[in-house]
Amino acid sequence: MDETPSLIHIKGIRDGLLITLGEAAWPDLAAAFVKNVDERSSFFHGARVALDVGTNELRVAELSTLRDQLSERGIALWAVLSESQVTERTAQNLGLATRLLKSRPMPVREATEESPKDAARWVKGPLRSGGRVLFEGNVIVLGDVNAGAEIVAGGSVIVWGRLRGVVHAGAQGDEKAVVCALEMAPTQLRIASEIAISPKKQGKIQPEFACLKDGQLVAEPWQEMAGR
Amino acid sequence: MASKVVTVASGKGGVGKTTSVANIGVALASRGQRVTCIDGDIGLRNLDVVLGLENRIVYDLVDVIEGRCRLRQAMIRDKRLAEMYLIPAAQTRDKTAISPSDMVRLCDELRQEVDWIIIDSPAGIERGFKNAIAAADRVLVMTNPEISAVRDADRVIGLLDAEGKGPASLIINRLDPALVKRGDMLTVEDVVDLLAVELIGVIPEDENVIVASNKGQPLSLDGRSKAGQAFQNIARRLMGEQVPFLELEPQNLFQRLLGRK
Numbered sequence: 004m005d006e007t008p009s010l011i012h013i014k015g016i017r018d019g020l021l022i023t024l025g026e027a028a029w030p031d032l033a034a035a036f037v038k039n040v041d042e043r044s045s046f047f048h049g050a051r052v053a054l055d056v057g058t059n060e061l062r063v064a065e066l067s068t069l070r071d072q073l074s075e076r077g078i079a080l081w082a083v084l085s086e087s088q089v090t091e092r093t094a095q096n097l098g099l100a101t102r103l104l105k106s107r108p109m110p111v112r113e114a115t116e117e118s119p120k121d122a123a124r125w126v127k128g129p130l131r132s133g134g135r136v137l138f139e140g141n142v143i144v145l146g147d148v149n150a151g152a153e154i155v156a157g158g159s160v161i162v163w164g165r166l167r168g169v170v171h172a173g174a175q176g177d178e179k180a181v182v183c184a185l186e187m188a189p190t191q192l193r194i195a196s197e198i199a200i201s202p203k204k205q206g207k208i209q210p211e212f213a214c215l216k217d218g219q220l221v222a223e224p225w226q227e228m229a230g231r
Numbered sequence: 020m021a022s023k024v025v026t027v028a029s030g031k032g033g034v035g036k037t038t039s040v041a042n043i044g045v046a047l048a049s050r051g052q053r054v055t056c057i058d059g060d061i062g063l064r065n066l067d068v069v070l071g072l073e074n075r076i077v078y079d080l081v082d083v084i085e086g087r088c089r090l091r092q093a094m095i096r097d098k099r100l101a102e103m104y105l106i107p108a109a110q111t112r113d114k115t116a117i118s119p120s121d122m123v124r125l126c127d128e129l130r131q132e133v134d135w136i137i138i139d140s141p142a143g144i145e146r147g148f149k150n151a152i153a154a155a156d157r158v159l160v161m162t163n164p165e166i167s168a169v170r171d172a173d174r175v176i177g178l179l180d181a182e183g184k185g186p187a188s189l190i191i192n193r194l195d196p197a198l199v200k201r202g203d204m205l206t207v208e209d210v211v212d213l214l215a216v217e218l219i220g221v222i223p224e225d226e227n228v229i230v231a232s233n234k235g236q237p238l239s240l241d242g243r244s245k246a247g248q249a250f251q252n253i254a255r256r257l258m259g260e261q262v263p264f265l266e267l268e269p270q271n272l273f274q275r276l277l278g279r280k
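Protein chains in written order, with my numbering: chain B, 4 to 231; chain P, 20 to 280.
Quick caveat, the hints were computed from the structure, so don't treat them as lab data. Using N, Cα and C, we set each Cβ at its ideal position, and we do this for glycine too. Heads up, some of the hints might be wrong.
Here are the computed lysine-lysine pairs in the BS3-like style, where the Cα-Cα straight-line distance is at most 30 angstroms [stated by the list, open to error]:
id, chain 1, residue 1, chain 2, residue 2
1, B, 179, B, 216
2, B, 127, B, 207
3, P, 234, P, 23
4, B, 127, B, 179
5, P, 234, P, 98
6, P, 31, P, 200
7, P, 31, P, 234
8, P, 184, P, 31
9, B, 203, B, 216
10, B, 14, B, 38
11, B, 204, P, 31
12, P, 184, B, 127
13, P, 200, B, 207
14, P, 184, P, 98
15, B, 179, B, 204
16, B, 127, P, 31
17, P, 98, B, 204
18, B, 203, B, 179
19, B, 203, P, 200
20, B, 127, B, 203
21, B, 203, P, 184
Pairwise CB distance ranges (calculated) [claimed, not checked]:
id, chain 1, residue 1, chain 2, residue 2, range
22, B, 176, P, 124, 50 to 56 angstroms
23, P, 230, B, 186, 41 to 47 angstroms
24, B, 35, P, 85, 28 to 34 angstroms
25, B, 25, P, 229, 53 to 59 angstroms
26, P, 203, B, 196, 38 to 44 angstroms
27, B, 31, P, 118, 14 to 20 angstroms
28, P, 156, B, 208, 35 to 41 angstroms
Residues from chain B that keep clear of chain P, each with C-beta distances beyond 12 angstroms, as calculated [as the list claims (entries may be wrong)]:
id, residue
29, 13
30, 14
31, 20
32, 29
33, 179
34, 202
35, 219
36, 227
Take these sequences, add in the hints, and give me the full structure.
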């Protein structure tokens with residue numbers, strides 16, 4: 004056993020380093036971490052880091068301070084994992100990932116059996132401008148997705164509200180992914196490797212359903228889908 | 020009454036934060052409240068000009084925080100209203116001169132002295148914004164009825180939620196009833212629908228606002244103009260009154276010739 008209660012565990016993963024911080028109050032924990040980094044600056048320099056902060060509830064100011072401190076030391080913080088919803092929301096607001104994707108850049112890739120492909124991420128809306136949700140499985144949003152917000156999902160995306168932001172479903176190449184919304188008016192819609200912008204809408208607003216049909220991204224009223 | 024710290028923020032610049040802080044401050048003070056306005060825009064101060072107090076500045080916000088003067092010395096008393104004060108921003112420093120915890124400490128001290136502390140946030144979502152909201156009990160998010168401003172307001176509302184400062188209240192500024200009627204401007208309903216927060220004020224477009232700002236005579240000092248009334252109404256709503264929103268109808272040529280507002 005380690006004599007000093009180690010607050011910082013480092014593990015190499017495909018995307019760089021996964022650093023797990025122990026249970027301690029935040030300002031001290033962050034300070035200890037930064038100190039640790041300073042002591043081994045050559046090891047950390049240029050690293051891409053995912054940070055697991057456990058149950059700590061972090062606000063934007065705290066997390067952005069840490070990100071800035073790390074970036075001054077040549078370390079790119081790209082993800083924050085947390086058991087706290089508050090922290091996850093904060094991370095999303097800062098444009099940080101909150102899940103480790105099996106493959107992070109999004110090459111076309113078959114989803115494997117054991118991937119949490121069928122799992123869904125529940126997001127309480129509204130998802131506002133600057134908000135970002137990155138999840139390997141499906142994403143369900145209760146509320147609007149405003150312009151300037153972004154959802155990247157390995158699977159499908161369902162928005163129980165108005166979709167005005169950018170959605171990328173099937174981000175790892177799943178061409179069967181779909182996107183549904185009560186009002187479909189995304190800035191941009193992507194499924195697998197296809198990209199579309201929504202046409203100017205006339206007429207009444209109705210729930211719509213978008214999917215890939217013969218390699219083309221198409222959106223249809225839900226009524227027509229339901230009839231089949 | 021426990022004193023309240025209210026921050027006016029917007030994200031986008033030029034939507035009328037400073038003018039609103041001046042007018043809401045004046046409107047509250049004219050209702051017998053003790054008010055201090057703080058200019059949070061260190062390095063680009065304006066609130067002193069809009070309030071017509073520029074030539075009275077001796078000490079500023081940074082002087083107080085760095086201990087070069089006492090709080091009372093930096094509070095400039097308004098020439099027209101007995102219980103209205105301004106703490107101006109420093110012009111020769113920048114946003115990093117103070118921290119969010121400095122603002123919390125300053126406001127805690129001020130709470131002993133006044134009923135309302137109104138903070139003018141700088142544009143943007145960086146340090147200056149964080150300083151401005153750190154001590155806020157309530158944040159008023161300001162937007163114009165145009166897409167770019169609404170987009171930024173949406174971002175700010177999201178950040179406020181993440182900081183535990185939500186829910187924000189919304190002020191829509193520079194609404195032009197004629198343009199709305201023609202269908203060329205977002206309506207109040209459009210904006211509220213998009214941002215999904217509580218509305219606390221709608222200020223109509225009014226050229227008197229610019230004239231008043233240039234003169235350093237906030238419009239809400241006399242409540243005759245529509246914009247002045249709208250600011251008075253925001254003050255009343257802040258104080259907990261239920262006030263119906265103004266009927267904003269386009270003026271016809273006859274009204275315009277008569278100069279009725």
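A quick look at each hint next to the structure:
Taking the CA atoms of residue 179 of chain B and residue 216 of chain B, the gap is about 9 angstroms. The hint holds against a cut of 30 angstroms. Of the pairs offered as hints, the one joining residue 127 of chain B and residue 207 of chain B holds, with about 26 angstroms between alpha carbons and a cut-off of 30 angstroms not exceeded. Pair hint residue 234 of chain P plus residue 23 of chain P holds up; C-alpha atoms about 29 angstroms apart against a cutoff of 30 angstroms. For the suggested pair residue 127 of chain B and residue 179 of chain B, the alpha carbons sit about 25 angstroms apart, so the restraint of at most 30 angstroms is met.
Proximity of residue 234 of chain P to residue 98 of chain P is assessed by CA-CA distance (about 14 angstroms); at most 30 angstroms being required, the pair is judged to hold. This hinted pair checks out: residue 31 of chain P and residue 200 of chain P have alpha carbons roughly 25 angstroms apart, not beyond 30 angstroms. As the CA atoms of residue 31 of chain P and residue 234 of chain P are separated by approximately 25 angstroms, the hinted pair is consistent with the 30 angstroms bound. Taking the CA atoms of residue 184 of chain P and residue 31 of chain P, the gap is near 19 angstroms; set against the 30 angstroms cutoff, the hint holds.
A hinted pair counts as satisfied when its Cα atoms are at most 30 angstroms apart, and residue 203 of chain B with residue 216 of chain B qualifies at roughly 21 angstroms. A C-alpha spacing of about 18 angstroms is found between residue 14 of chain B and residue 38 of chain B, which places the hinted pair at or below 30 angstroms, so the restraint holds. At most 30 angstroms may separate the alpha-carbon atoms for a hinted pair to count; residue 204 of chain B and residue 31 of chain P meet this at roughly 28 angstroms. Restraint check for residue 184 of chain P and residue 127 of chain B: satisfied, since their Cα atoms lie roughly 18 angstroms apart, inside the 30 angstroms limit.
A C-alpha spacing of about 21 angstroms is found between residue 200 of chain P and residue 207 of chain B, which places the hinted pair at or below 30 angstroms, so the restraint holds. This hinted pair does not check out: residue 184 of chain P and residue 98 of chain P have alpha carbons roughly 33 angstroms apart, beyond 30 angstroms. With a C-alpha separation of about 25 angstroms, the suggested pair residue 179 of chain B and residue 204 of chain B falls inside the 30 angstroms cut-off, and the hint holds. Taking the CA atoms of residue 127 of chain B and residue 31 of chain P, the gap is about 26 angstroms. The hint holds against a cut of 30 angstroms.
In summary, the hint linking residue 98 of chain P to residue 204 of chain B is not supported, as the alpha carbons are separated by about 55 angstroms, beyond the 30 angstroms threshold. A threshold of 30 angstroms between alpha carbons decides the hint, and for residue 203 of chain B with residue 179 of chain B the separation of about 25 angstroms falls inside it, so the pair holds. Distance restraint check for residue 203 of chain B and residue 200 of chain P: the Cα-Cα separation of roughly 22 angstroms lies within the 30 angstroms cut-off, and the hinted pair is therefore satisfied. Proposed proximity of residue 127 of chain B and residue 203 of chain B is supported: the alpha carbons are some 28 angstroms apart, at most 30 angstroms.
Note on residue 203 of chain B and residue 184 of chain P: the hinted pairing is violated, with a Cα-Cα distance of about 36 angstroms set against a maximum of 30 angstroms. A hinted range of 50 to 56 angstroms for the beta carbons of residue 176 of chain B and residue 124 of chain P is consistent with their spacing of about 53 angstroms. At roughly 42 angstroms, the beta-carbon separation of residue 230 of chain P and residue 186 of chain B lies within the given 41 to 47 angstroms, and the hint holds. Distance hint for residue 35 of chain B and residue 85 of chain P: a CB-CB separation of about 30 angstroms, consistent with the stated range 28 to 34 angstroms.
Distance hint check for residue 25 of chain B and residue 229 of chain P: the Cβ-Cβ separation is about 58 angstroms, which falls inside the suggested range of 53 to 59 angstroms. Take residue 203 of chain P and residue 196 of chain B: their Cβ atoms lie about 39 angstroms apart, and the range 38 to 44 angstroms holds. Checked against the hint of 14 to 20 angstroms, the C-beta distance between residue 31 of chain B and residue 118 of chain P comes to roughly 19 angstroms, which is consistent with it. About 38 angstroms separates the C-beta atoms of residue 156 of chain P and residue 208 of chain B, a value consistent with the hinted range of 35 to 41 angstroms.
The claim that residue 13 of chain B is not at the interface with chain P holds, since no C-beta of that chain comes within 12 angstroms of its own (minimum 28 angstroms). Consistency note on residue 14 of chain B: stated as away from chain P, and its beta-carbon is indeed over 12 angstroms from all of that chain's, at 28 angstroms minimum. Once the 12 angstroms rule is applied to beta carbons, residue 20 of chain B is consistent with being away from chain P; the minimum gap is 26 angstroms. The non-interface label for residue 29 of chain B is consistent with chain P: the shortest C-beta to C-beta separation is roughly 14 angstroms, beyond 12 angstroms.
At roughly 32 angstroms, the least C-beta separation between residue 179 of chain B and chain P is larger than 12 angstroms, which holds for a residue marked as non-interface. At roughly 18 angstroms from the closest C-beta of chain P, the C-beta of residue 202 of chain B stays outside 12 angstroms, upholding its exclusion from the interface. Taking the minimum C-beta to C-beta distance to chain P, about 29 angstroms, the non-interface status of residue 219 of chain B holds against the 12 angstroms cut. No beta-carbon of chain P is positioned within 12 angstroms of the beta-carbon of residue 227 of chain B; the least distance is around 27 angstroms.
Hints 14, 17 and 21 from the list above are not met by this structure, while the remaining hints are.
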